[in-house]
Amino acid sequence: MASPFSLDNPVFSKFAFYSTVVLSKTLCMGELTALYRTRRQAFANEEDLTLYARSRHTEATTTDVSVERVRRCHLNDLENVLPFVLVGLMYVSTKPGATEASRVFQIFAASRLLHTVAYLLPLPQPTRSVTYLTGYGATFFMVYRIIKAIY
Amino acid sequence: MASPFSLDNPVFSKFAFYSTVVLSKTLCMGELTALYRTRRQAFANEEDLTLYARSRHTEATTTDVSVERVRRCHLNDLENVLPFVLVGLMYVSTKPGATEASRVFQIFAASRLLHTVAYLLPLPQPTRSVTYLTGYGATFFMVYRIIKAIY
Amino acid sequence: MASPFSLDNPVFSKFAFYSTVVLSKTLCMGELTALYRTRRQAFANEEDLTLYARSRHTEATTTDVSVERVRRCHLNDLENVLPFVLVGLMYVSTKPGATEASRVFQIFAASRLLHTVAYLLPLPQPTRSVTYLTGYGATFFMVYRIIKAIY
Numbered sequence: 001m002a003s004p005f006s007l008d009n010p011v012f013s014k015f016a017f018y019s020t021v022v023l024s025k026t027l028c029m030g031e032l033t034a035l036y037r038t039r040r041q042a043f044a045n046e047e048d049l050t051l052y053a054r055s056r057h058t059e060a061t062t063t064d065v066s067v068e069r070v071r072r073c074h075l076n077d078l079e080n081v082l083p084f085v086l087v088g089l090m091y092v093s094t095k096p097g098a099t100e101a102s103r104v105f106q107i108f109a110a111s112r113l114l115h116t117v118a119y120l121l122p123l124p125q126p127t128r129s130v131t132y133l134t135g136y137g138a139t140f141f142m143v144y145r146i147i148k149a150i151y
Numbered sequence: 001m002a003s004p005f006s007l008d009n010p011v012f013s014k015f016a017f018y019s020t021v022v023l024s025k026t027l028c029m030g031e032l033t034a035l036y037r038t039r040r041q042a043f044a045n046e047e048d049l050t051l052y053a054r055s056r057h058t059e060a061t062t063t064d065v066s067v068e069r070v071r072r073c074h075l076n077d078l079e080n081v082l083p084f085v086l087v088g089l090m091y092v093s094t095k096p097g098a099t100e101a102s103r104v105f106q107i108f109a110a111s112r113l114l115h116t117v118a119y120l121l122p123l124p125q126p127t128r129s130v131t132y133l134t135g136y137g138a139t140f141f142m143v144y145r146i147i148k149a150i151y
Numbered sequence: 001m002a003s004p005f006s007l008d009n010p011v012f013s014k015f016a017f018y019s020t021v022v023l024s025k026t027l028c029m030g031e032l033t034a035l036y037r038t039r040r041q042a043f044a045n046e047e048d049l050t051l052y053a054r055s056r057h058t059e060a061t062t063t064d065v066s067v068e069r070v071r072r073c074h075l076n077d078l079e080n081v082l083p084f085v086l087v088g089l090m091y092v093s094t095k096p097g098a099t100e101a102s103r104v105f106q107i108f109a110a111s112r113l114l115h116t117v118a119y120l121l122p123l124p125q126p127t128r129s130v131t132y133l134t135g136y137g138a139t140f141f142m143v144y145r146i147i148k149a150i151y
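Chains as they are written, first to last, in our numbering: chain A, 1 to 151; chain B, 1 to 151; chain C, 1 to 151.
These are computed hints drawn from the structure, not numbers from a lab. Since we're looking at a predicted model, the values are computed, not measured. Each hint can be trusted.
For identical chains, the list gives no copy identity; a pair is met inside one copy or between any two copies.
Taking lysine-lysine pairs in the BS3-like style, the calculated list, with each CA pair at most 25 Å apart, reads:
#1 14 <-> 148
#2 14 <-> 95
#3 25 <-> 148
Can you build the whole structure from these sequences, using the hints too?
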């Protein structure tokens, strides 16, 4: 009986693809923060000023509204995307049907991409709340499947 | 030789169960934050006010004491639970005894559930420190086993 | 065909080793924060003061410059080390060559250890930016390999 953790398994292959997409998106938030810090001239560390500040009067700050928004969006990704990938690994081990699994991964990935758009523009609420809860629901659906497979 | 990453392996099955429990607990902190933000009327984003604020005089804030406590507890989970699951995956690959592995997973899961209780009530110190260090010890025990298995 | 997720596979064995190293380093940041909080007498929670504060006049604070630096360094680890390990798992499943894989894992681990040194001392910029981008590049190289293996 082959291991489910193989790219020959279409469920794992889909999982690897969508996980890589949402993890890459999360990583890009780090670069976006750096971009906003430069544009807003809002650097968190003294030693950053020497190289990146355009004026010698710029001081270190951690309260710029735009930078903090990007950082909250990034933290929300860490809180939701990383647990999704870890719960997803357990879910793949339960050998779910390929159609069900694809839908769950696609719904999660789409909801997180929309969440980022809703957070950064920002879009009027409850858009962000709905995208957040959709991803949340996809993860908890997998939690239910795992617990059911074990007991 | 069968892969250890299968629900047929009792060590992986236990690992999948306890990992799912602590990851679900971590995810629930997101909802708890939303609950506290509504109850305390302390929203981080301007666009949240339109829909969720009961008074038009409510302003965005990131300094509410109760909300920040939940958020510190959540961040502490990210700092400890996510590394536990990842280190745990490597530990499962060393094919540990089922009894030892169960104990490690149970101790970690219990310590993190107690940590949350100790943080949110809060319980007098050193309760929180002890629960934190217990979970920490469980993870580093696995680190020791992994390094020993490789070298 | 054997599963790549086995310590018999030299790629997985290297991955398990370097992942455990960077995850342990990340976990140590939690202890380092506790150390700085005690040394700087800057505790985030009221209940910590009773046990750990040397003076009864000490108040809870979340704005100590040294503590916040350690915390930013820790958060940067969560943002980069955890995605590296998860992307790395998918990368191992593509069965990369042992030499290429070892180099990628070593470059990532070295860049993150140097990043911590550069952040905590701190070293003059762009040292920290360069170490950050090097680790970032290693992870995105694996992302490229995964997407290419799937399509």
